[in-house]
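Novice: So you can see what is in the structure, the chains are spelled out below.
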Amino acid sequence: MSDNLLRKVEQKFIRDDLPNFKPGDTVKIHIKITEGNKTRIQAFQGIVISRHGNGINKMFTVRKIGAGGVGVERIFPVNAPLIDKIDVIRRGKVRRAKLYYLRSKIGKAAKVRELRTEKKKTK
Amino acid sequence: MIGLLGKKIGMTSVYAEDGRRILVTVLSVGPCKIVQVKTPENDGYYALQLGYETKKPNKVNKPMKGHFKKAGVEPFRKLKEFRIENPDEKFKTGQTLSIDNVFQEGELVDCTGTSKGKGFQGVMKRHGFHGGPKTHGQSDRGRAPGSIGASSYPSRVVKGLSMGGQMGNKIVTVRGLRVVKIMPDDNLLLVKGSVAGSNGGYVVVKKSKKNLR
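Those sequence lines, one after another, are chains Z and S.
Counting from 1, one number per residue, gives the positions in the first sequence under our numbering.
Counting from 124, one number per residue, gives the positions in the second sequence under our numbering.
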């Protein structure tokens, strides 16, 4: 019973307007940033390397290689209102749920193969 | 200050309007019925006795049965007294108080619960002592409290010295928690921050004196 009540509290904040994405996907996240009283939108593009948590506390980690080859990771709550929208740019073909191994890979080895769904359709 | 009785449901997070994520404790509070109104003429002070959660009538002993009968209410599992400052307010026995009567969003409340029992614990866990050195030839002293005082003078241990003992399972009040949201339909109160006790444990939520500052 108490668990239902918790779900009920969370329900109002859960977003269903965002696309589905999985670890391995390349996504572009448009983040609302408020500076003073102005709001602008900044994009963060990278590979989703993990999804964890549940309910309102569901999070995902996005990794990109920034300037100078420095790896940058950001963790976002899936249901955060500060996310304006998410574009899924590329579906990745991966065999595990957490892609932490990408952290120790450099250059081409840090790439994730693309999931090709069109081929399946023609078959 | 007036308050209500309730239960802790659990913790989760909600988002504020400006997008900030707020960690909240969800409390199921009230509705409580007034079982007794205490007045200076009869009792020497103003107070309300509130009842929370009904109990089977066959589980009530005779003195309490009489007490509930006098108020004309059903038997309650929990009773708690709240002092009231403003005596000209119209409270009468049998009246039901629910969260939207008592609390407002944005105000501060004090939450009292019984903390989770940890049993007999040493000084490191109970009081945050650092323990002894783990190396340099030491043995058996890793979690020891160290010296507990001088020797022949005073020849005793000072009172109140922190030592091992029962930890938790005691009444803990967290003061000045902000009411983030009230959901009157489900009798839910969302307060920012944590409240002592396990999920399902009884809590007392009172209006905070910090509101007055």
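Treat the hints as calculated values from the structure; they're not laboratory data.
Some clues are possibly wrong.
Pairs of lysine to aspartate or glutamate, EDC-like flavour, derived with a Cα cap of 20 Å [as the list claims (entries may be wrong)]:
hint	chain 1	residue 1	chain 2	residue 2
1	Z	K32	S	E140
2	Z	K8	S	D223
3	S	K332	S	D233
4	Z	K8	S	D308
5	Z	K12	S	D308
6	S	K304	Z	E10
7	S	K130	Z	E10
8	S	K203	S	E228
9	Z	K12	S	D141
10	S	K178	S	E197
11	Z	K8	S	E228
12	S	K315	Z	E114
13	S	K315	Z	D3
14	Z	K85	S	E140
Novice: All the hints need checking, so say for each whether the structure fits it.
Specialist: Taking the hints in turn, this is what the structure says about them:
For the proposed pair K32(Z) and E140(S), the alpha carbon gap of about 13 Å is at most 20 Å, so the pair holds. Between K8(Z) and D223(S) the alpha-carbon distance is near 19 Å, which keeps this suggested pair within the 20 Å criterion. Annotation: proposed proximity of K332(S) to D233(S) holds, straight-line Cα distance about 8 Å (limit 20 Å). With a CA separation close to 11 Å, the supplied pair K8(Z) and D308(S) stays within the 20 Å bound.
Proposed proximity of K12(Z) and D308(S) is supported: the alpha carbons are some 15 Å apart, at most 20 Å. For the given pair, K304(S) sits about 12 Å from E10(Z) by alpha-carbon distance, which is consistent with the 20 Å threshold. Of the supplied pair hints, the one linking K130(S) and E10(Z) holds, its CA atoms being roughly 18 Å apart against a limit of 20 Å. As the CA atoms of K203(S) and E228(S) are separated by approximately 23 Å, the hinted pair breaks the 20 Å bound.
Between K12(Z) and D141(S) the CA atoms are separated by roughly 15 Å; this keeps the pair inside 20 Å, and the hint holds. For the suggested pair K178(S) and E197(S), the alpha carbons sit about 8 Å apart, so the restraint of at most 20 Å is met. Of the pairs offered as hints, the one joining K8(Z) and E228(S) holds, with about 18 Å between alpha carbons and a cut-off of 20 Å not exceeded. For the hint pairing K315(S) with E114(Z), the CA-to-CA distance comes to about 44 Å; that exceeds 20 Å, so the pair is violated.
Straight-line distance between C-alpha atoms of K315(S) and D3(Z) comes to about 19 Å, which keeps the hinted pair within the 20 Å bound. Distance hint between K85(Z) and E140(S) is fulfilled; the C-alpha atoms sit about 18 Å from each other, no more than 20 Å.
Hint compliance for this structure: hints 8 and 12 are broken, all remaining hints hold.
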